[in-house]
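As they're listed, the protein sequences go chains X and R. Each residue of the first sequence is one higher than the last, beginning at 1 in UniProt numbering. Each residue of the second sequence is one higher than the last, beginning at 1 in UniProt numbering.
Read the hints as simulated data drawn from the structure, not as lab findings. Errors might be hidden in some of the hints.
To be clear about the criterion: a stretch of chain X counts as covered by chain R if any three or more of its residues have a C-beta under 8 Å from a C-beta of chain R, and this derived list gives those stretches [unchecked claim]:
#: 1; stretch: 8 to 14
#: 2; stretch: 17 to 27
#: 3; stretch: 71 to 82
Straight line, CA to CA, 30 Å or less: simulated DSSO-like cross-link-like pairs of lysine-lysine [said to hold, decoys possible]:
#: 4; chain 1: X; residue 1: Lys42; chain 2: X; residue 2: Lys101
#: 5; chain 1: X; residue 1: Lys210; chain 2: X; residue 2: Lys229
#: 6; chain 1: X; residue 1: Lys42; chain 2: R; residue 2: Lys55
#: 7; chain 1: X; residue 1: Lys240; chain 2: X; residue 2: Lys229
#: 8; chain 1: X; residue 1: Lys229; chain 2: X; residue 2: Lys82
#: 9; chain 1: X; residue 1: Lys242; chain 2: X; residue 2: Lys101
#: 10; chain 1: R; residue 1: Lys115; chain 2: X; residue 2: Lys101
#: 11; chain 1: X; residue 1: Lys183; chain 2: X; residue 2: Lys43
#: 12; chain 1: X; residue 1: Lys70; chain 2: R; residue 2: Lys221
#: 13; chain 1: X; residue 1: Lys43; chain 2: R; residue 2: Lys55
#: 14; chain 1: R; residue 1: Lys21; chain 2: X; residue 2: Lys42
#: 15; chain 1: X; residue 1: Lys242; chain 2: X; residue 2: Lys93
#: 16; chain 1: X; residue 1: Lys240; chain 2: X; residue 2: Lys44
#: 17; chain 1: R; residue 1: Lys115; chain 2: X; residue 2: Lys43
#: 18; chain 1: X; residue 1: Lys43; chain 2: X; residue 2: Lys98
#: 19; chain 1: X; residue 1: Lys93; chain 2: X; residue 2: Lys44
#: 20; chain 1: R; residue 1: Lys115; chain 2: X; residue 2: Lys93
#: 21; chain 1: X; residue 1: Lys210; chain 2: X; residue 2: Lys240
#: 22; chain 1: X; residue 1: Lys44; chain 2: R; residue 2: Lys25
#: 23; chain 1: X; residue 1: Lys44; chain 2: X; residue 2: Lys242
#: 24; chain 1: R; residue 1: Lys115; chain 2: X; residue 2: Lys102
#: 25; chain 1: R; residue 1: Lys115; chain 2: X; residue 2: Lys98
#: 26; chain 1: X; residue 1: Lys44; chain 2: R; residue 2: Lys115
#: 27; chain 1: X; residue 1: Lys42; chain 2: X; residue 2: Lys82
#: 28; chain 1: X; residue 1: Lys183; chain 2: X; residue 2: Lys101
#: 29; chain 1: X; residue 1: Lys229; chain 2: R; residue 2: Lys115
#: 30; chain 1: R; residue 1: Lys115; chain 2: X; residue 2: Lys198
#: 31; chain 1: X; residue 1: Lys70; chain 2: X; residue 2: Lys42
#: 32; chain 1: X; residue 1: Lys42; chain 2: X; residue 2: Lys93
#: 33; chain 1: X; residue 1: Lys183; chain 2: X; residue 2: Lys102
Covered stretches of chain R, as calculated for chain X (at least 3 residues, CB under 8 Å) [to be verified]:
#: 34; stretch: 80 to 87
#: 35; stretch: 95 to 102
#: 36; stretch: 105 to 112
Glycine residues also receive a C-beta, built at the ideal position from the N, C-alpha and C atoms.
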Amino acid sequence: MQQSNTYIIVFSGVLTIVLGLLLSGTSQVLGPMQQEAIALDKKKQILGAVISAEEIDAMTPLQVNEFYSKRIASTVVDINGKEISSGVVTAEKVEVAKFFKKPAADRQYPVYVFHAEGNPEAVESYIFPLYGAGLWDAIWGYLALETDMNTIGGITLAHAGETPGLGARITEGGVQQRYVGKKVFDESGQLVAVRMMKGEGKDYSGDVHKVDGLSGATITANGVNNMLKAYLSHYEAFIKGKLSNQAVAGL
Amino acid sequence: MSAETLEKAIEKKPAEALFSKRRRKLVADPLIDDNPITIQVLGICSALAVTTQMKPTLVMAISVIFVVAMSNFVISVMRNTIPARVRIIVQLAVVATLVTLVSEVLKAFAYDMYKELSVFIGLIITNCIVMGRLEAFAMGNKPYDSLLDGLGSALGYSWIILTVAFFRELFGSGSVFGIPVYNYVSSIFGPDFSLATNGLMVSPIGAFIILGLIVWVQRTKTGYVEH
Numbered sequence: 001m002q003q004s005n006t007y008i009i010v011f012s013g014v015l016t017i018v019l020g021l022l023l024s025g026t027s028q029v030l031g032p033m034q035q036e037a038i039a040l041d042k043k044k045q046i047l048g049a050v051i052s053a054e055e056i057d058a059m060t061p062l063q064v065n066e067f068y069s070k071r072i073a074s075t076v077v078d079i080n081g082k083e084i085s086s087g088v089v090t091a092e093k094v095e096v097a098k099f100f101k102k103p104a105a106d107r108q109y110p111v112y113v114f115h116a117e118g119n120p121e122a123v124e125s126y127i128f129p130l131y132g133a134g135l136w137d138a139i140w141g142y143l144a145l146e147t148d149m150n151t152i153g154g155i156t157l158a159h160a161g162e163t164p165g166l167g168a169r170i171t172e173g174g175v176q177q178r179y180v181g182k183k184v185f186d187e188s189g190q191l192v193a194v195r196m197m198k199g200e201g202k203d204y205s206g207d208v209h210k211v212d213g214l215s216g217a218t219i220t221a222n223g224v225n226n227m228l229k230a231y232l233s234h235y236e237a238f239i240k241g242k243l244s245n246q247a248v249a250g251l
Numbered sequence: 001m002s003a004e005t006l007e008k009a010i011e012k013k014p015a016e017a018l019f020s021k022r023r024r025k026l027v028a029d030p031l032i033d034d035n036p037i038t039i040q041v042l043g044i045c046s047a048l049a050v051t052t053q054m055k056p057t058l059v060m061a062i063s064v065i066f067v068v069a070m071s072n073f074v075i076s077v078m079r080n081t082i083p084a085r086v087r088i089i090v091q092l093a094v095v096a097t098l099v100t101l102v103s104e105v106l107k108a109f110a111y112d113m114y115k116e117l118s119v120f121i122g123l124i125i126t127n128c129i130v131m132g133r134l135e136a137f138a139m140g141n142k143p144y145d146s147l148l149d150g151l152g153s154a155l156g157y158s159w160i161i162l163t164v165a166f167f168r169e170l171f172g173s174g175s176v177f178g179i180p181v182y183n184y185v186s187s188i189f190g191p192d193f194s195l196a197t198n199g200l201m202v203s204p205i206g207a208f209i210i211l212g213l214i215v216w217v218q219r220t221k222t223g224y225v226e227h
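Produce the complete structure using the sequences and hints provided.
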């Protein structure tokens, strides 16, 4: 009896249903908490572009949320730098990864504004999300530009599956620190972004468009370079728009 | 049969003590004498991958303890109903469910750990220790014994990976559980005295070296020889 085909089929069926119910039940119960954890993680990454990782680590989840709501404003723009006002969700809800599959002109581009506490007008830096391909899987991050819209204030980089010890080093604070103070436009206003060079250990402090590379992770570094260049060009209209506004205000 | 003889029949088989010698042996054996990593040489893959730092290693160890003990227990409870021809699939389904549960819980309550470990937690499914214990023990023994057996094997795995992680984090990153030990040492002996970290320890090669040393020390002590 135990070995009959009917028994095996019924046994497998019952097992599948029981395990399936158990898993979907767990997922239902834990779902909201997971969403919260993911949202918090995103806020930490955004903040990581403007404040140090140690400061963020020292904060409780509650403090992170509080700090975020006090200091970060956000908006969503299109490829022409115009704010999208019709039927859009908040910037936090825009999934950059999802829009990555669409043509650049059809995407929504979130912009996060880091401002002084209680005064959204006193902008300290603009934070742009980045998304691209590493060696094995997706890489993404957030780039903070200072109000001159040219100097990099900070960057956070993350990855889904780069090699530990090689490409995965883009998440290290020391690597991300290399970008601080670099410029994304040259003197004539052309977008050149910042390139992570091949090889490691050279001093690029004299060149504002180059940073030291990652030994053994050139493909990941190239992925970061492409990602930076691509997203800066997508945001170029917005960035130039802010610049001309400042020029008008300065007159 | 009278009631008297029935009582006697029950008395004749007193329940085995909760922690009888035989049961203690189930837990203790895999710690040293039959350790899954150093003697059976199973589960090496994750032992190399997750042991760069103590904290994720501890989370990994707890996850493996939960999965091995629980899957051993569940399979043992079901052992008489499992059709022999599909038993491996049934075992896999149970193990995969438990592993997914662990991963979901981590995602909800320890998202940073989840990000760091998610791949390796998923790979517990293919950890030879889990399937090995199910086939070798749980399919033929009672639930409580199987639970203890699973616990023993998982603890044997855990103390080894934690030991490896201790040395790798200490020599590779100069810290233990994220506490910068090297910095404290330097501050005691003054600024001229600084300890250099060893990059080799951060890479999987470091784990091989540490693991090899542990196996060496252990086999020297126990006199174990492979046949």
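Given coverage of the stretch 95 to 102 of chain R by chain X, checked by CB-CB distance under 8 Å (3 or more): Since three or more residues must qualify, the claim that chain X covers the stretch 95 to 102 of chain R holds, with 3 doing so at under 8 Å.
8 Å C-beta criterion, at least three residues: is the stretch 105 to 112 of chain R covered by chain X: holds (count 6)
Taking 30 Å as the top limit, are the C-alpha atoms of lysine 44 of chain X and lysine 115 of chain R close enough? 14 Å, holds
Do the alpha carbons of lysine 240 of chain X and lysine 229 of chain X lie within 30 Å of each other, as the hint requires? 15 Å, holds
Is the hinted pair lysine 183 of chain X and lysine 102 of chain X satisfied, with a Cα-Cα distance of at most 30 Å? 28 Å, holds
Please verify whether lysine 242 of chain X and lysine 101 of chain X have alpha carbons no more than 30 Å apart. Holds, because 27 Å separates the two Cα atoms, which is no more than 30 Å.
Straight-line Cα separation of lysine 42 of chain X and lysine 101 of chain X no greater than 30 Å? Status holds; Cα separation ~20 Å.
Does lysine 242 of chain X sit within 30 Å of lysine 44 of chain X, going by the straight-line distance between their CA atoms? 26 Å, holds
Under the criterion that the straight-line Cα-Cα distance not exceed 30 Å, is the pair lysine 21 of chain R, lysine 42 of chain X satisfied? Distance of about 52 Å is beyond 30 Å: violated.
Lysine 229 of chain X and lysine 115 of chain R were given as a pair; does the straight-line alpha-carbon distance stay at or below 30 Å? 27 Å, holds
CA of lysine 44 of chain X to CA of lysine 25 of chain R, is that 30 Å or under? Violated: lysine 44 of chain X and lysine 25 of chain R sit about 48 Å apart, past 30 Å.
Decide if the proposed pair is consistent with the structure: lysine 70 of chain X and lysine 42 of chain X, CA atoms, cutoff 30 Å inclusive. Status holds; Cα separation ~16 Å.
Hint check: violations occur at hints 3, 12, 14 and 22; the rest are consistent with the structure.
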